[in-house]
Amino acid sequence: QKVSVEVLDHLEHLALVDFRDSEGVERLQKAIQFADQLHEVNTDGVEPMDSVLEDRWCLYLREDDVTEGNCTKDLLENAREKVEEYFVAPPGTDFLTKV
Amino acid sequence: MAARGCGGVWRQAWQRGAGGPGPGPGPSPRGQRAVACNAKGGAVPAGKRGLAPWIPVVGLEIHAQISSNSKLFSGSQVQFAAPPNSLVSFFDASLPGTLPVLNRRCVEAAVMTGLALNCSINKKSLFDRKHYFYADLPAGYQITQQRVPIAVNGSLSYSLCIDNKMSQMVTKTVRIKQIQLEQDSGKSLHDDARSQTLVDLNRAGVGLMEVVMEPDMCCGEEAAAAVRELQLILQTLGSSQAVMAEGQLRVDANVSVHHPGEPYGVRTEVKNINSIRFLAKAVDYEIQRQIEELENGGTILNETRAFDSKLGCTVPMRDKEGKQDYRFMPEPNLPPLILYDAKSLPANMNHQQVINIDWIQERLPDLPSVKREKLVEQYGILPEHSFTLLNEDGLAEFFESVVKQTQMKPKKVIGWILNDLLSYLKEHSLTVKESPVSSFLLADLLNLLEKKEISSTAAKQVLAELWKGEGKTPLEIVKEQKLGLLQDQKELEQICQAVIDGQENEVIMMVPG
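Going line by line, the protein sequences match chains A and B.
Be aware that the first sequence starts at 1314, since it is given in the working numbering, and climbs by one per residue.
Be aware that the second sequence starts at -14, since it is given in the working numbering, and climbs by one per residue.
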């Protein structure tokens, strides 16, 4: 089953990924085929698992204390562009358009 | 466009339609509402040219910033104004290798709010990722609770004045669909001149409670009243300070219209509403816009619109291309959130790791509705008075403080609080805390009045003088301006005699007649 052009465009838009050439699209289709094998398992009446910890209560609760922050310099160190301690990004959702 | 209950707006839209070409019903007789409220409480206005009436439907999505020291999943500080990117941890900036750690206080705030809104608290709730790309969302997803939120199926009761008369109040209820915990995003500052966006992540990761209200409301006034009551509840609980001006309370309205008996119409989402007053305006404008669009043969798009407060209208928002696909998935770094009650309390667990719903329930403060009832019962004031007292921050406490310090009956004191003090405060845009007249001074003044040492008129004069805040006591002002009532019979006689003596001619002329 082929992946339609609409789905492809939609995926590229959502994931900011450029499939570029037919090889990329082929690889995508093979990946989908591989994952489709999951459908062979009968999951009727089985609760989806979202944590291997299952019912063992394990979500740690932190006290409401201020323990972090105040590291502006460190955070901005890797920014390609900055303006007076602000990060700089392209306007709006411009980064969605293809390069 | 005054939102005078549901009646006012629809009369306008209706009259505008009647003003067009072709035969139409004449304007409604003065004073008679062109709108009848149906049994459900929704306005059912007459359409132009005899078309079927419209039922507006309004739902709300409210984001309340949780009042906590640190953020929902990290230990950086929560504070309104701070140097850009100074309240940001590595996790908030989404640097690789960081993980979310849930803040206990945020969970308690959500449980308190859920209980206050009569919700069922889910003992097991889950966290999910909601994906979308935006400059102020460094991770590319927001951690929220889409599948199983922390609280569901509640209700909120609020009151409205009919026809703008405070004496006729009606109670309405809106269903609360759910309350969920989620992260706030950072802030984007758009620099159109240089075609760039400046990003400040101080707000990124702050805890939010999203309160979803079912579409049980029918106009701007109802929406505003519901949000106002929610605001008071949140402030009473302390779970959120809910100051809209500081972005601690954000409201998005979902609006649609349909004919009675037909399915709900296409809804639009209205954003960028910055005050409760604007909320009423935005909702009423959007309802009217949709009605006019549909009556002119147009269609309503399922879109997001922004409210322009300067123009008083809603406009389509840019950057909203088609329906968003958020690709929800369970948050793999957070196991389910488990809450306990008295019955299910685990035996051998660290107290700090356990949240007991019943324990929180027992410690809930009196909600506004209960406070109002108590004020009415204890002091014999009218229900509408209790609303005004609670509506103004600190006014109820001021009132009670004055009552304690004076012999004057609360029923009389309330008049001085609501008519005199409050109008002064409003005139000078002051809060109760900023009042130059303290409860002590006012009580002092009322005592003079109660002991009949001054007249009511004189008391008002003294209050005007006290308002100047020059530090004089009521008694000093009375003496200064000679406002004291004379009690001595003899003194009164002397004065009257002096007047008569001074006007001999007039008296002579009057006596025979």
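Honestly, the hints are just simulated from the structure, not real lab data.
Think of the CB as a built atom: it goes at the ideal place given N, C-alpha and C, for glycine as much as any other residue.
Take these hints with a grain of salt, some might be off.
[As the list claims (entries may be wrong)] Residues on chain B that point at chain A, a partial pick, calculated with CB under 10 Å: (1) L80; (2) G82; (3) T373.
[What the hints assert, rightly or not] Stretch by stretch, here's where chain B covers chain A in the computed footprint (C-beta under 8 Å, at least three residues): (4) 1316 to 1329; (5) 1380 to 1390; (6) 1398 to 1404.
Hint check:
1. L80: 8 Å, holds
2. G82: Constraint on G82 of chain B not satisfied, violated at 14 Å.
3. T373: 35 Å, violated
4. 1316 to 1329: Answer holds; 3 residues pass the 8 Å Cβ test.
5. 1380 to 1390: holds (count 8)
6. 1398 to 1404: Holds: 7 residues of the stretch 1398 to 1404 of chain A have a Cβ under 8 Å from chain B.
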